[in-house]
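Protein chains in written order, with our numbering: chain W, 8 to 250; chain Z, 38 to 193.
Rather than coming from a laboratory, the hints here were simulated on the basis of the structure.
Don't take every hint at face value.
[As the list claims (entries may be wrong)] Some chain W residues near chain Z, calculated using beta-carbon distances under 10 Å:
1) Asp196
2) Thr210
3) Pro213
4) Arg214
5) Ile217
6) Pro218
[Said to hold, decoys possible] Computed list of chain Z residues with no C-beta within reach of chain W, every gap over 12 Å:
7) Met38
8) Pro122
9) Gln126
10) Ala131
11) Gln133
12) Ala134
13) Ala135
[What the hints assert, rightly or not] Pairwise CB distance ranges (calculated):
14) Z:Tyr63 - W:Arg110: 42 to 48 Å
15) Z:Asn67 - W:Asp64: 55 to 61 Å
16) Z:Glu162 - W:Leu84: 46 to 52 Å
17) W:Pro111 - Z:Glu162: 46 to 52 Å
18) Z:Asn67 - W:Leu199: 48 to 54 Å
19) W:Asp119 - Z:Leu178: 35 to 41 Å
Note that the structure is a prediction, hence the values are computed from the model and not measured.
Built from N, CA and C at the ideal position, the CB exists for glycine as well.
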Amino acid sequence: MRAGSDARRSGREYSRRQFGQAAAGIVLFFSMRPGVILGQPAPARLPADLDANRRLDSWLRINPEGNIEVFTGKVELGQGNLTALAQIAAEELDVAFERVRMRPVDTTHSPDESYTAGSASIEATGSALRYAAANTRVILLETAAAKLGMAIDTLTVDDGVISSSGAANRVTYWQLALETPLARNASSDVPLKSPSKYRIVGTSAPRLDIPRSSPAAKPTCRIRACPGCCSAASYGRPVITRS
Amino acid sequence: MPETYRIRVNAAEHAVTADGDTPLLYVLRNDLGLNGPKFGCGLAQCGACTAIVGTEAIRTCLFPLSAVGDAPVLTLEGLGTVDRPHPLQKAFIAEQAAQCGYCINGMVMTAKALLDRNPRPTRAEIRQALAGNLCRCGTHLRIVRAIESAAKGAAP
Numbered sequence: 008m009r010a011g012s013d014a015r016r017s018g019r020e021y022s023r024r025q026f027g028q029a030a031a032g033i034v035l036f037f038s039m040r041p042g043v044i045l046g047q048p049a050p051a052r053l054p055a056d057l058d059a060n061r062r063l064d065s066w067l068r069i070n071p072e073g074n075i076e077v078f079t080g081k082v083e084l085g086q087g088n089l090t091a092l093a094q095i096a097a098e099e100l101d102v103a104f105e106r107v108r109m110r111p112v113d114t115t116h117s118p119d120e121s122y123t124a125g126s127a128s129i130e131a132t133g134s135a136l137r138y139a140a141a142n143t144r145v146i147l148l149e150t151a152a153a154k155l156g157m158a159i160d161t162l163t164v165d166d167g168v169i170s171s172s173g174a175a176n177r178v179t180y181w182q183l184a185l186e187t188p189l190a191r192n193a194s195s196d197v198p199l200k201s202p203s204k205y206r207i208v209g210t211s212a213p214r215l216d217i218p219r220s221s222p223a224a225k226p227t228c229r230i231r232a233c234p235g236c237c238s239a240a241s242y243g244r245p246v247i248t249r250s
Numbered sequence: 038m039p040e041t042y043r044i045r046v047n048a049a050e051h052a053v054t055a056d057g058d059t060p061l062l063y064v065l066r067n068d069l070g071l072n073g074p075k076f077g078c079g080l081a082q083c084g085a086c087t088a089i090v091g092t093e094a095i096r097t098c099l100f101p102l103s104a105v106g107d108a109p110v111l112t113l114e115g116l117g118t119v120d121r122p123h124p125l126q127k128a129f130i131a132e133q134a135a136q137c138g139y140c141i142n143g144m145v146m147t148a149k150a151l152l153d154r155n156p157r158p159t160r161a162e163i164r165q166a167l168a169g170n171l172c173r174c175g176t177h178l179r180i181v182r183a184i185e186s187a188a189k190g191a192a193p
């Protein structure tokens, strides 16, 4: 309120980000509880959406072509959630952001994450995806350790290349893709990357959905009010350009 | 009574059979499959349906098909493609000037009409030109910056 009226008086323009930062301070103040200040123990349970869809291959697929497909039950409707989720997956897997392919929701293969509502995509899907990616990373490292004959705790990952400092042997996620079964359930007992090591999360990535419309951008009817009539949003909607 | 109208849209001739008072928007979207223009308010108040008819940015949701006549119609699809975007589209992408994107068709097309008649508008003139285009998400400042950058030829 105050920031807004000050801005109007002074004629200064506040960006959404500046406004959000100011507002976040207020929200943080009210939500501070002893638990937050004293630090949180690692959860014994999986994040709810991962608990409901435990199979890792319902979230992630490593492809030999050098990319990672990510599935979510949340819909992109302009909030930028797919871009943020791609960042979270890339971060936890230690691969470049550009390697992540976000797959739009399709009930035949997407995890069931209920509604896309309540500003919950990052909280719900992001935490699920973080654990799913961390599990996947461990499985890849286990496979690599056996293949390279090295201890798993000596291995590091850089953009999908697994190596051990001082050793010439290396193997990539993409080479391991076909021999790494992800038809396994996620575990909550998995090491997560420390936020202090984040390089992708927390940076501003260009939105994946802004420039593009899908090549087969036929409007997809989601809501039918009457037979043959269509009031709907579409996948790959033309926003700024259209192929 | 339905009649057949010949209209020129994005440099292509089309024959459309419809009542003359059919809103141009319905013809563009339903008959020609051009979904760049959006149905927003249906009352010419929000600007989401904007296309350029002749040289003017027009609210196509209330603009009758019979009024098009010989004037060429330009929609977002006629401006550029993903592979070959128009400088305005490039600038909107560079500035990430969209949240949900529903208003953006109108923003881009209104800006196109503005730059066609005034290639070097001031910020005040840009704001004035877009005053009737509503956006509920809040990317207004980015939109203005994108148009300024397109006008300067500064878009990458």
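The hints, checked one at a time:
no.: 1; hint: Asp196; in the structure: violated, 38 Å
no.: 2; hint: Thr210; in the structure: violated, 13 Å
no.: 3; hint: Pro213; in the structure: holds, 6 Å
no.: 4; hint: Arg214; in the structure: holds, 6 Å
no.: 5; hint: Ile217; in the structure: holds, 5 Å
no.: 6; hint: Pro218; in the structure: holds, 5 Å
no.: 7; hint: Met38; in the structure: holds, 24 Å
no.: 8; hint: Pro122; in the structure: violated, 5 Å
no.: 9; hint: Gln126; in the structure: violated, 5 Å
no.: 10; hint: Ala131; in the structure: violated, 9 Å
no.: 11; hint: Gln133; in the structure: violated, 6 Å
no.: 12; hint: Ala134; in the structure: violated, 8 Å
no.: 13; hint: Ala135; in the structure: violated, 5 Å
no.: 14; hint: Z:Tyr63 - W:Arg110: 42 to 48 Å; in the structure: violated, 33 Å
no.: 15; hint: Z:Asn67 - W:Asp64: 55 to 61 Å; in the structure: violated, 41 Å
no.: 16; hint: Z:Glu162 - W:Leu84: 46 to 52 Å; in the structure: violated, 33 Å
no.: 17; hint: W:Pro111 - Z:Glu162: 46 to 52 Å; in the structure: violated, 39 Å
no.: 18; hint: Z:Asn67 - W:Leu199: 48 to 54 Å; in the structure: holds, 50 Å
no.: 19; hint: W:Asp119 - Z:Leu178: 35 to 41 Å; in the structure: holds, 38 Å
Figure legend: structure checked against the earlier numbered hints; hints not met, in rising order: 1, 2, 8, 9, 10, 11, 12, 13, 14, 15, 16, 17.
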